[in-house]
Amino acid sequence: MNVDVAKVREIADSLVTSAEELRGGQTAMHHCRFGPAHTGAQYADAGRRIDDGLVRVSELLTHWHGATEFTAATLRAMVDRIVAEDEESATTIGRAVR
20 MNVDVAKVRE
30 IADSLVTSAE
40 ELRGGQTAMH
50 HCRFGPAHTG
60 AQYADAGRRI
70 DDGLVRVSEL
80 LTHWHGATEF
90 TAATLRAMVD
100 RIVAEDEESA
110 TTIGRAVR
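Each residue of the sequence shown is one higher than the one before, counting from 20 in this note's numbering.
These are computed hints drawn from the structure, not numbers from a lab. It is possible that part of the hints are untrue.
The calculated label-pair distances, taken between Cβ atoms and stated as ranges, are [what the hints assert, rightly or not]:
1. 33 to 93: 25 to 33 Å
2. 29 to 64: 17 to 25 Å
3. 64 to 87: 25 to 33 Å
Where a beta carbon is used, it is the ideal one built from N, C-alpha and C, also for glycine.
Please take these sequences and the hints and turn them into a complete structure.
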């Protein structure tokens, strides 16, 4: 089966961008740079995009490789661990995927 490399890159970029925005929302809330409503909405939107992307990645991995162990929940735990680490972690993983 052919793998759509461009689609994988698009999904990976979206996940990394959302992880970076999620971290940015946390930083903004920590430093009170924006009003709580603005950062709360930003934070929630980034979280939704991460979750949507994880479902898509999980479906693609299952479809292409029969890799059923990569559920959206498993992938979410991986992203949560990345977001919890320093800012360079999300960027490093994004570059490795590209």
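Open item on the list: Of all the hints numbered above, which does this structure not satisfy? Sort the numbers upward.
Closed with: The structure breaks only hint 1.
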